[in-house]
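**Q** Fit chain U to the given chain R structure using the hints.
There are 2 protein chains.
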Amino acid sequence: MHEHIVKSYDAERARLLEETLRMGEMAAAQLEAALDVVQRRDDDAAARIIAGDAAIDALEREVSHDVMKLALRGPMARDLREILAAIRVAADIERIGDYAANVAKRSMALNTAPPLPHVAGLQHVGRLAVQQVRDVLAAYRDGDVEVATRVRAADAEIDAAYTGLFRELLTYMMEDARSITPCTHLLFMAKNIERIGDHATNIAENIWFTVHGDDALPEREKADGSNTAT
Amino acid sequence: MHEHIVKSYDAERARLLEETLRMGEMAAAQLEAALDVVQRRDDDAAARIIAGDAAIDALEREVSHDVMKLALRGPMARDLREILAAIRVAADIERIGDYAANVAKRSMALNTAPPLPHVAGLQHVGRLAVQQVRDVLAAYRDGDVEVATRVRAADAEIDAAYTGLFRELLTYMMEDARSITPCTHLLFMAKNIERIGDHATNIAENIWFTVHGDDALPEREKADGSNTAT
Numbered sequence: 001m002h003e004h005i006v007k008s009y010d011a012e013r014a015r016l017l018e019e020t021l022r023m024g025e026m027a028a029a030q031l032e033a034a035l036d037v038v039q040r041r042d043d044d045a046a047a048r049i050i051a052g053d054a055a056i057d058a059l060e061r062e063v064s065h066d067v068m069k070l071a072l073r074g075p076m077a078r079d080l081r082e083i084l085a086a087i088r089v090a091a092d093i094e095r096i097g098d099y100a101a102n103v104a105k106r107s108m109a110l111n112t113a114p115p116l117p118h119v120a121g122l123q124h125v126g127r128l129a130v131q132q133v134r135d136v137l138a139a140y141r142d143g144d145v146e147v148a149t150r151v152r153a154a155d156a157e158i159d160a161a162y163t164g165l166f167r168e169l170l171t172y173m174m175e176d177a178r179s180i181t182p183c184t185h186l187l188f189m190a191k192n193i194e195r196i197g198d199h200a201t202n203i204a205e206n207i208w209f210t211v212h213g214d215d216a217l218p219e220r221e222k223a224d225g226s227n228t229a230t
Numbered sequence: 231m232h233e234h235i236v237k238s239y240d241a242e243r244a245r246l247l248e249e250t251l252r253m254g255e256m257a258a259a260q261l262e263a264a265l266d267v268v269q270r271r272d273d274d275a276a277a278r279i280i281a282g283d284a285a286i287d288a289l290e291r292e293v294s295h296d297v298m299k300l301a302l303r304g305p306m307a308r309d310l311r312e313i314l315a316a317i318r319v320a321a322d323i324e325r326i327g328d329y330a331a332n333v334a335k336r337s338m339a340l341n342t343a344p345p346l347p348h349v350a351g352l353q354h355v356g357r358l359a360v361q362q363v364r365d366v367l368a369a370y371r372d373g374d375v376e377v378a379t380r381v382r383a384a385d386a387e388i389d390a391a392y393t394g395l396f397r398e399l400l401t402y403m404m405e406d407a408r409s410i411t412p413c414t415h416l417l418f419m420a421k422n423i424e425r426i427g428d429h430a431t432n433i434a435e436n437i438w439f440t441v442h443g444d445d446a447l448p449e450r451e452k453a454d455g456s457n458t459a460t
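Here the protein sequences line up with chains R and U, keeping their order.
Reading the first sequence from the start, the letters are residues 1 to 230 in this note's numbering.
Reading the second sequence from the start, the letters are residues 231 to 460 in this note's numbering.
Excised from the complex, chain R in its bound form (with noise of 0.2 Å):
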């Protein structure tokens, strides 16, 4: 009988991080299409994209149910740590999702207007927070805390990338008074993408908190400056 509910909560436990993985891969592809639609100005894809974010948003109400049932399972220490930070895996996951939606739905207003050559940068910052998303989601399902670290000190690659083409933006809206409104979208989008960029870093903590607890993360570079460009 004992050996029957370990084995039982292994299964649950194995569906969980398959539901999260699952989630998490449709994130990425969600952002990786947002970015092909800002591309291809195709307003019936971003449409998609957006109707899309709704699968990902139920799958985290599935990966809730499963961290209840396991948690009335009453588990101890590691286990217990595994299924907080399924929770908040899931609800990083979650906002992924939702910017990839946003980046989506601010291309349909850029394409209103006609084509920037500005959206290229936007490209490159995209395609680095895909690459840390399915890198952080492979460190998750690896439970691999030194992939995780790597990719949260990769994080500092995004902001200077973002930081850079925040700039960018901001020059050539000064330049083109007749670019200010496209270019705002530009800035939200490429915002939105810095911020999936953080919440990968978040996911990196929570592979961290599930193998070592609180003990403190290691130091790492933070280089947004956009926060404080003048």
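For the record, the hints were derived by calculation from the structure and aren't laboratory data.
Please note that the accuracy of each hint is not assured.
[As the list claims (entries may be wrong)] As a list, the in silico EDC-like pairs of lysine to aspartate or glutamate whose alpha-carbon atoms are at most 16 Å apart:
| hint | chain 1 | residue 1 | chain 2 | residue 2 |
| --- | --- | --- | --- | --- |
| 1 | U | K299 | U | E262 |
| 2 | U | K421 | U | D328 |
| 3 | R | K69 | U | D454 |
| 4 | U | K299 | R | D214 |
| 5 | R | K69 | U | D444 |
| 6 | U | K299 | R | E82 |
| 7 | R | K105 | U | D454 |
| 8 | U | K299 | U | E249 |
| 9 | U | K335 | R | D135 |
| 10 | U | K421 | R | D98 |
| 11 | U | K335 | U | D274 |
[Said to hold, decoys possible] Rough simulated footprint, nothing fancy, chain R against chain U, three-plus residues with beta-carbon under 8 Å:
| hint | segment |
| --- | --- |
| 12 | 244 to 252 |
| 13 | 296 to 308 |
| 14 | 325 to 336 |
| 15 | 339 to 348 |
| 16 | 400 to 413 |
| 17 | 417 to 431 |
[As the list claims (entries may be wrong)] Sample of chain U residues facing chain R (criterion: CB under 8 Å; computed from the structure):
| hint | residue |
| --- | --- |
| 18 | Q269 |
| 19 | R291 |
| 20 | A321 |
| 21 | H442 |
| 22 | D444 |
| 23 | G455 |
| 24 | T458 |
Idealized CB from N, CA, C, for every residue including glycine.
**A** Below, chain U without anything else, positioned relative to chain R:
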């Protein structure tokens, strides 16, 4: 013995609520202070707000600890929903604190240029957000679903004020290229405040979840038109 355990569960539960409410009041006070600092152009006070965010983060870690302690007791049904909601509410409050600190940080960038008349609109939407945060914390303290539902509905007011401010700032940017950088900071500050409203809404939805579980929430109006402004 049984009574002793029950009593102690309630004591820990009360402690969790008290900590979460304290955390929430700190975040509301940080937002209020940040709005004040924007008005007074006070870099020293802004730096204190930025430093003060660490205390909110520390409280979130305490809340997580207390949730873990309560989870070890194997709570059922509503008790379990309550502690799940507590983790999420603490995460929302933590984000509110981050956004308030970011408003303070950006005020320092604004202070390097001459004062702008456009900060008045920010004060208006900011005060609405402070009120929403305080109202939803009161509903959380009282477990009052009706008040929570009203707070959730009132988010449309913040969205509408934010959208108005967003459009106003765009026109200033078009009229005067020198205002582009400071107005961009104001756009992001306004967005931070709009996001604080969303987190107050999340807290309201967690009050609903605690009481009603996964029953569907009532429909509500959304009034953020800034994503599609052209």
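**Q** For this structure, which hints from the list above don't hold up?
**A** 1, 3, 9, 12, 18, 21 and 23
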